[in-house]
Amino acid sequence: AQRVTQPEKLLSVFKGAPVELKCNYSYSGSPELFWYVQYSRQRLQLLLRHISRESIKGFTADLNKGETSFHLKKPFAQEEDSAMYYCALTVGTSGSRLTFGEGTQLTVNP
Amino acid sequence: DAGITQSPRHKVTETGTPVTLRCHQTENHRYMYWYRQDPGHGLRLIHYSYGVKDTDKGEVSDGYSVSRSKTEDFLLTLESATSSQTSVYFCAISTRGGGIADTQYFGPGTRLTVL
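Sequences listed follow chains A and B, in order.
According to the working numbering, the residues represented by the first sequence are 143 to 252, in order.
According to the working numbering, the residues represented by the second sequence are 829 to 943, in order.
One or more of the hints may lead you astray.
[What the hints assert, rightly or not] For the chain A half of the interface with chain B, some residues (derived, Cβ under 10 Å), not all of them:
| no. | residue |
| --- | --- |
| 1 | Lys164 |
| 2 | Asn166 |
| 3 | Tyr228 |
| 4 | Gly243 |
In case anyone wonders, no lab produced these hints; they're calculated from the structure.
The beta carbon of each residue, even a glycine, is placed where N, CA and C say it ideally should be.
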């Protein structure tokens, strides 16, 4: 079965510093990877996905199949980036069910 | 928000009582999902539906049942609530056909406390 691991439960950086949220997965095939974000008191929303290869709010993520990783990066963190971030994958079986990691709470300090 | 609402938004109940949570969508999407969110576990799939009266189990389905008699509504029932079911419950929909290129959109969540 597939699995997603986010090794950091909490991550704290200062405004303007680079930030990297780690995500590792285990699956023998070719999954589709996502990053979802949940701001305080808001619903979960899609931040970006691998298949789109886009940059949202300055965040990027590169799929490394050799290391089975999909780390989320931003060169200059902003206070409004403070949120809970979830890495997730789907393997294309019926229903595009998502498997989520445990989440990383990012705090950007002024 | 893909037209997804959940009700109630907050509920406190006692152990052993039945509880039903409702997810409503306005855009006639075929696939709907129920997840629970718990610290240290992220979100875990409870059940999902791929059409009216078509449902299947997720990874944490024990103690839960679902029903979908209309495209727009997906109900989650806790037959006899336990304290371990205290959680935040999220409904989601898929915007396409449920394939690997699909994207899920989430409702606002229901915070359930079982005393």
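Each hint tested on the structure:
no.: 1; hint: Lys164; result: violated, 14 Å
no.: 2; hint: Asn166; result: violated, 14 Å
no.: 3; hint: Tyr228; result: holds, 6 Å
no.: 4; hint: Gly243; result: holds, 5 Å
In summary, the numbered hints that this structure violates are 1, 2.
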